[in-house]
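Colleague: Chain residues, written in single-letter form:
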Amino acid sequence: MKNYNIQDALFYTKEHEWVKIDGSHATVGVSDYAQDLLTDVVFVELPNVGKEVKQFGQACVVESVKSVSDVYSPVSGKVTEINKDLESAPELINNDPYGKGWIYKLEGVNESEKSNLMDATKYKEFIAGLAH
Amino acid sequence: MLLKTPLNEVHKKLGARMVDFGGWEMPVVYTNQIEEHHAVRKFAGIFDVSHMGEIMFTGKDAFNLIQKLVSRDISAMDNGKVMLCVLCNEQGGIIDDLTVYKFNEEKYMLVVNAGTQENDYQWMIQHKQNFDVEVKNVSFEITKLDLQGPNAQKILQKLTKEDLNEIKRYRFKEILIDNVEMIVSRSGYTGEDGFELYFLNQYAEQIWNKIMEIGKNDGLIPCGLGSRDTLRTECGMMLYGHDIDTNMTPFESVYGFAVSLNKNFIGKEVLEKQKNEGTKKKLVGFEMIDRGIARQHYSIFKNGEKIGEVTSGTPSPTLNKNIGMGYVRTEDAIVDSTIEIQIRDNFAKAKIVSLPFYVRTKN
Numbered sequence: 001m002k003n004y005n006i007q008d009a010l011f012y013t014k015e016h017e018w019v020k021i022d023g024s025h026a027t028v029g030v031s032d033y034a035q036d037l038l039t040d041v042v043f044v045e046l047p048n049v050g051k052e053v054k055q056f057g058q059a060c061v062v063e064s065v066k067s068v069s070d071v072y073s074p075v076s077g078k079v080t081e082i083n084k085d086l087e088s089a090p091e092l093i094n095n096d097p098y099g100k101g102w103i104y105k106l107e108g109v110n111e112s113e114k115s116n117l118m119d120a121t122k123y124k125e126f127i128a129g130l131a132h
Numbered sequence: 001m002l003l004k005t006p007l008n009e010v011h012k013k014l015g016a017r018m019v020d021f022g023g024w025e026m027p028v029v030y031t032n033q034i035e036e037h038h039a040v041r042k043f044a045g046i047f048d049v050s051h052m053g054e055i056m057f058t059g060k061d062a063f064n065l066i067q068k069l070v071s072r073d074i075s076a077m078d079n080g081k082v083m084l085c086v087l088c089n090e091q092g093g094i095i096d097d098l099t100v101y102k103f104n105e106e107k108y109m110l111v112v113n114a115g116t117q118e119n120d121y122q123w124m125i126q127h128k129q130n131f132d133v134e135v136k137n138v139s140f141e142i143t144k145l146d147l148q149g150p151n152a153q154k155i156l157q158k159l160t161k162e163d164l165n166e167i168k169r170y171r172f173k174e175i176l177i178d179n180v181e182m183i184v185s186r187s188g189y190t191g192e193d194g195f196e197l198y199f200l201n202q203y204a205e206q207i208w209n210k211i212m213e214i215g216k217n218d219g220l221i222p223c224g225l226g227s228r229d230t231l232r233t234e235c236g237m238m239l240y241g242h243d244i245d246t247n248m249t250p251f252e253s254v255y256g257f258a259v260s261l262n263k264n265f266i267g268k269e270v271l272e273k274q275k276n277e278g279t280k281k282k283l284v285g286f287e288m289i290d291r292g293i294a295r296q297h298y299s300i301f302k303n304g305e306k307i308g309e310v311t312s313g314t315p316s317p318t319l320n321k322n323i324g325m326g327y328v329r330t331e332d333a334i335v336d337s338t339i340e341i342q343i344r345d346n347f348a349k350a351k352i353v354s355l356p357f358y359v360r361t362k363n
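Chains A and B, in that order, are what the protein sequence lines are.
Numbering follows this note's numbering, in which position 16 of the first sequence is assigned residue number 16; successive positions increment by one, without gaps.
Numbering follows this note's numbering, in which position 74 of the second sequence is assigned residue number 74; successive positions increment by one, without gaps.
In short, the hints are calculated from the structure, not lab data.
Wrong hints could be hidden among the right ones.
[Unchecked claim] If you want the footprint, here are the derived chain B segments under chain A, 3+ residues with CB under 8 Å:
(1) 30 to 36
(2) 223 to 230
(3) 284 to 295
Idealized CB from N, CA, C, for every residue including glycine.
Work out the full structure: start from the sequences and follow the hints.
Modeller: Structure (structure tokens):
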């Protein structure tokens, strides 16, 4: 199995999104495992600023050469900012999934939704169970 | 249970991502689909396409039966010629697109798609009737490798005493490659120069490894079905089950050239009528003007009205734009006109362009 970069301070979904929660604010992206599975990301359809997303609800779309994948929001909230750089450089998701490859930011986040997510340790076990 | 080519383990060892394609477990990408694409355009790539089918026609009536089955006149074929043909049903619908290899008047090989192979074979047997010909499906005995790209000849030449210059475009020879007997044609599905190799399964690993080793210094890499798809789309080549199926006829797709009305064949009546009266729909190529990638089954609109559907769409690594193909009403199939592709909730502008998108510059 490949050695995936799973960052400690983040929470993860079974659909391989990550979220960094900071009080009532959050930043969302897709994990290193997800970007590897997607292969070359060539297009990102960002959510509109102001969009209300629900936990595990569809938030936006990431496309590789061959596939179209929905991104599900790890937590509920209102989109306050989107990563416009992804419009001209969607490969940032492959090159730096936890940094420059972030997708959107939320406000109005309820921290208790964390209990439905995996921490880094659990997520590592989860993807180890998927790969064989 | 998925079918496996003799090279299945080799692909897995190379780290390929395997997918189900037409019931076969096939490599879709080894390392990076876009790099694999560029390798074929600039250097060379090798594809395991052993999932494709080979059906042998031997006997006195081999010519007559094929002439009845395919819409294109094969009477002018020389021995050693390869011809792209279409197999139609009585309604003119495309059962498959295939290549016909002529060995002699009494021996031909038909190379068919993986997903359609069994159906094609049954169709051929069903129409064999009183023809004096043996029709044999040898698909599971044959390994097929496509070596494609500007360096393909240079690489393959190192493995044979035959002068490969002697094999012209759309021609084949039975020769020794690394001392293994095989059928080698100068043809392919990528728009580049290159060869298709057919030989017995028992030599699959030997030949694969040899070509990989010999080709390394000329930029050869293994390529998956993902890059095969972007390469063929750039050339406006049809993918069965996407751009063509039994709901489309040769005239509606790009295969009008493969219909010869000077002979009898299955589907002729309908196709003759279409030739005279025109078709209701027509396949077109388009380039995206707005952001977005068109995908199979997305709707095509013009002035708010639905006029058709996308059959293939992809980013084009060579042209660096998003391209696609689809069927629209014939009256709307106008080059340079603007259409809209519905991508989820958006209507993205696109422009109809003539096919192919890409033509290689001869060197």
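Colleague: Going through the numbered hints above, which ones does this structure break? Give me the numbers in ascending order.
Modeller: none
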